[in-house]
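Chains as they are written, first to last, in our numbering: chain A, 3 to 222; chain B, 153 to 425.
Please note that a few of the clues may not be correct.
[Stated by the list, open to error] List time: in silico DSS-like cross-link candidates among lysine-lysine, alpha-carbon distance up to 27 Å: (1) B:Lys370 to B:Lys154; (2) A:Lys199 to B:Lys154; (3) B:Lys370 to B:Lys341; (4) B:Lys194 to B:Lys264; (5) B:Lys155 to B:Lys341; (6) A:Lys80 to B:Lys341.
[What the hints assert, rightly or not] Label-pair restraints from in silico Cβ distances: (7) A:Gly113 to B:Arg167: 46 to 56 Å; (8) A:Asp182 to B:Glu401: 31 to 41 Å; (9) B:Val233 to A:Asp17: 39 to 49 Å; (10) B:Arg366 to A:Val198: 47 to 57 Å; (11) B:Lys154 to A:Phe13: 52 to 62 Å; (12) A:Asp17 to B:Asp238: 27 to 37 Å; (13) A:Asn179 to B:Asp354: 54 to 64 Å.
By construction, these hints were calculated from the structure, which means they are not laboratory data. Idealized CB from N, CA, C, for every residue including glycine.
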Amino acid sequence: MADPKKPRPAFAPWDRRELPGAFDVEETARRVGHYKWVEMRLFEALGGWVATVPELDVKLRLGTHCYKHAWHAELWNKRLPELREMNTERLTVPPNDEFVAFMDAITEPEGPGQTLEKLVGVYRVLIPHKIAAYTYHLNNTSTITDAPTMRSLRFALGDEFDDWRDGEMLIQSLIVNEEDVQRAATHQARCEGLIVKAGGIAGPGSIGSVDVPTPQEVTA
Amino acid sequence: MKKILPPEELARDARFVRLSMEDRFNDRRGAGGTSGRTGPMKLTPDAPQAPDRARALMHGIFVGEIQALEGAGRTCWDFEVGPGADEVPFALKLDMARQCWDEARHCEISIKLSDWMGTELGEFAESTFLYEAACNPDPILRLTGVNRALEGLAIDVFNTMREFGQSAGDPVLEFCEDWMLADEVTHVKMGSDWLRRITENDPDRRERALEFQRIVDKLFSLGGFRGEGDDSPIRLARRFREMAGFTTEEVDEISDLSKQAGEEARARLAANA
């Protein structure tokens, strides 16, 4: 065994974590508050839909997924005070009115014949956007100072990927003809259009910006 | 999506057949009467028609689990977070979401067990009595009716089925019922804890909630089907109920309600004879 008294670096050679990150405490809290808001709206809707869906396998999966999003909401609720937001309700808000309109459209389908729309809104639009925003946050935050948020993001992302696959397979099993294809595509396009207006689950900048500064902006 | 979904709108596929409570209680072959059944009431492996009775009970558990899932899900949706009488704490909603997951697993378990017992889904009729208790617009009355009265009944049923599995030499049934029993104790404890916490400074509301629980408990004593006698088909599971936050006096009260329900059922049958 190596000499226990021999000095070693605090960061092992394979540990490449760095201090800088894209988000300060305030911005992290803002994002986390939006995450909590969307996770709450999602688990409430999935729970509410269980009774309205006649397909037994879908009913049971919605019940299972409902809890996962509630647990994510709980993770974010616990993180907020650690980010200096003691009144967690203050930041548990949607990023903008456009996002409220998006969530209204997602939760609008109600009848027993609308299982396809229910699933498409959640699993082909909302959850992919959540995965995108959580991944952006995970890849851009400080890997040392914001490690607790990263841990929660990883837990949430694990669930999101599993549920995305579950939901997509249920959708594929429900689409049996051209009319179904059109129904799914129409609802997806409507919801996608609304979330684009909102800028994503955390508003504009949910997944950063791909705009390259113009020469004038660089010199200004 | 609207708040409070009425029981008649519960979505089911074509296999399911719905039966009204009135029809169920007036069915002389069922729990409300004994004239169509021969032999002792207690479900034992050597009892007449034991396999069919066990299959019917398991199917009843299955549809009860669906409705428990639906009820918990609706509680997630129907109430906003807040301090008002028609609102609930954030943590209560999280508990209901957790219950959704548990009930979904219970559905899966009871489907697998039913299949093993040779039962097809929808083979027995479904009545929506459990979900009806989950439509109360007061969240605390709803939680007390569902999580203390009906989930309490589930404790008694699962404990009875677990014992049936033991005596029938069916380790899979015993294993599954034991796991579901653990979840039900958790759900009843949730109901007991939230009832006490939310009504801590509101004795009137607590009494209304407990009265609603008594009504549900009496209704679902199933004409004396549940009790503490050796021949009771469903045995009151005192120890597990106490683990779930019931006091000894509260269990005594349920036992008395069950006796009363049994006497009333016998009187009704005698009058109709």
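Hints, verified against the model:
Pair hint Lys370 (chain B) plus Lys154 (chain B) does not hold up; C-alpha atoms about 31 Å apart against a cutoff of 27 Å. Restraint check for Lys199 (chain A) and Lys154 (chain B): satisfied, since their Cα atoms lie roughly 26 Å apart, inside the 27 Å limit. For the given pair, Lys370 (chain B) sits about 20 Å from Lys341 (chain B) by alpha-carbon distance, which is consistent with the 27 Å threshold. Note on Lys194 (chain B) and Lys264 (chain B): the hinted pairing holds, with a Cα-Cα distance of about 24 Å set against a maximum of 27 Å.
The hinted pair formed by Lys155 (chain B) and Lys341 (chain B) meets the criterion: a straight-line CA distance of about 26 Å does not exceed 27 Å. Under the criterion of a C-alpha separation no larger than 27 Å, the hint pairing Lys80 (chain A) with Lys341 (chain B) is consistent with the structure, at around 23 Å. Between Gly113 (chain A) and Arg167 (chain B) the C-beta distance comes to about 20 Å, which lies outside the given range of 46 to 56 Å. Asp182 (chain A) and Glu401 (chain B) have their C-beta atoms about 57 Å apart, which leaves the hinted 31 to 41 Å range violated.
Here the CB-CB span from Val233 (chain B) to Asp17 (chain A) is close to 41 Å, well matched to the stated 39 to 49 Å. As the Cβ distance of Arg366 (chain B) to Val198 (chain A) is approximately 54 Å, the hint placing it in 47 to 57 Å holds. Taking the beta carbon of each, Lys154 (chain B) and Phe13 (chain A) are about 56 Å apart, inside 52 to 62 Å as hinted. In this structure the supplied range 27 to 37 Å is violated for Asp17 (chain A) paired with Asp238 (chain B), their Cβ-Cβ distance being about 52 Å.
Checked against the hint of 54 to 64 Å, the C-beta distance between Asn179 (chain A) and Asp354 (chain B) comes to roughly 55 Å, which is consistent with it.
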